[in-house]
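Student: Sequence:
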Amino acid sequence: MNRSIALDRLRGSVAAGAPIIGAGAGTGLSAKCAEAGGADLIIIYNSGRYRMAGRGSLAGLMPYGDANQIVLDMAGEVLPVVRDTPVLAGVCGTDPFRLMPRFLDRLAETGFAGVQNFPTVGLIDGVFRQNLEETGMGFELEVDMIRLAAEREMLTAPYVFDPAQAEAMAAAGADVLVPHMGLTTKGSIGASTAIGLDEAVERVQAMRDAAVAVRPDVIVLCHGGPIAEPADAAHVLEHTTGVAGFFGASSVERLPTEQAITAQVSAFKSLNL
1 MNRSIALDRL RGSVAAGAPI IGAGAGTGLS AKCAEAGGAD LIIIYNSGRY RMAGRGSLAG
61 LMPYGDANQI VLDMAGEVLP VVRDTPVLAG VCGTDPFRLM PRFLDRLAET GFAGVQNFPT
121 VGLIDGVFRQ NLEETGMGFE LEVDMIRLAA EREMLTAPYV FDPAQAEAMA AAGADVLVPH
181 MGLTTKGSIG ASTAIGLDEA VERVQAMRDA AVAVRPDVIV LCHGGPIAEP ADAAHVLEHT
241 TGVAGFFGAS SVERLPTEQA ITAQVSAFKS LNL
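Quick note: the sequence shown, position 38, residue 38 per UniProt numbering, numbers continuous.
Rather than coming from a laboratory, the hints here were simulated on the basis of the structure. Note that CB positions come from ideal geometry on N, CA and C, so glycine has one too. Just so you know, not all the hints are guaranteed correct.
Unchecked claim - DSBU-like mimics (lysine-lysine), calculated; alpha carbons at most 35 Å apart, straight line:
no., residue 1, residue 2
1, Lys269, Lys32
2, Lys269, Lys186
3, Lys32, Lys186
To be verified - Simulated restraints, written as ranges between beta carbons of each label pair:
no., residue 1, residue 2, range
4, Ala263, Pro19, 24 to 34 Å
5, Ala171, Ser270, 54 to 64 Å
6, Pro80, Glu133, 35 to 45 Å
7, Lys269, Gly196, 28 to 38 Å
8, Glu140, Gly111, 27 to 37 Å
9, Ser270, Arg152, 20 to 30 Å
10, Ser270, Pro63, 21 to 31 Å
11, Gly136, Gln264, 46 to 56 Å
My request is simple: use the sequences and hints to build the entire structure.
Tutor: Structure (structure tokens):
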């Protein structure tokens, strides 16, 4: 699916009053079920593999594997089972061992409709983050990656973490912007330290407003932190203006899997001999 068709569909959903739902998939089954449930976008990146292996999503930011190669490996599992939904690749834009223009071309040839910036240094703060920026591995490289993808007519859906980043990504050509509220809470490997929903509302709105000031037609979705369940997303959408939906990764595959398998095994265990 090309960028033009994908954007027409997304904007059609918004015009019809239906939320846009993006779903992270760590397995082919997750992607297949997300499409069956009506997902508008499917995104695969290395954290999905770690997450569905029972590890925390932040494993995707650690040196446990080649993030960009893992996405290519996952493509063979996910792309063949997704029939009619745009699939985006999570790209580590700060990877110093990739010629990014060629890598993006390879992703397009593989069958990806677009990209998202993950793993992202946006989740890193403190002195370590400052040192990454000082040594040529900063967020600006992720902005450059989105710009290169936009030039190639790939659908772009980057994460952003503050209004300045929202402006930069909008200027780089982002089609869909995803204000990120941090590691998702709840479940067996969710975060216990996170901002509250009301603060998430304020942050999402600030990033949305900053992006729209640069690019009025950008689509904005909320994600992460305390926005873990449908009711949480509903609260954010109800209390913000111009936010078109929700993107979930842990929320749409880890949490439901934990709950469903636990309940199913428990039901079998309750049978009488």
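Student: Evaluate each hint against the coordinates.
Tutor: Here's how the hints hold up against the structure:
A threshold of 35 Å between alpha carbons decides the hint, and for lysine 269 with lysine 32 the separation of about 28 Å falls inside it, so the pair holds. For the suggested pair lysine 269 and lysine 186, the alpha carbons sit about 25 Å apart, so the restraint of at most 35 Å is met. The hinted pair formed by lysine 32 and lysine 186 meets the criterion: a straight-line CA distance of about 24 Å does not exceed 35 Å. At roughly 26 Å, the beta carbons of alanine 263 and proline 19 sit within the given window of 24 to 34 Å.
Taking 54 to 64 Å as the suggested C-beta distance range, the pair alanine 171 and serine 270 conforms, at roughly 57 Å. Taking the beta carbon of each, proline 80 and glutamate 133 are about 39 Å apart, inside 35 to 45 Å as hinted. With their beta carbons about 37 Å apart, lysine 269 and glycine 196 fall inside the hinted range of 28 to 38 Å. In this structure the supplied range 27 to 37 Å holds for glutamate 140 paired with glycine 111, their Cβ-Cβ distance being about 29 Å.
For serine 270 and arginine 152, the Cβ-Cβ distance of about 54 Å falls outside the hinted range of 20 to 30 Å, so the restraint is violated. Between serine 270 and proline 63 the CB atoms are about 43 Å apart, so this pair departs from the stated range of 21 to 31 Å. Checking the proposed 46 to 56 Å range against glycine 136 and glutamine 264 shows it holds: the Cβ atoms sit about 49 Å from each other.
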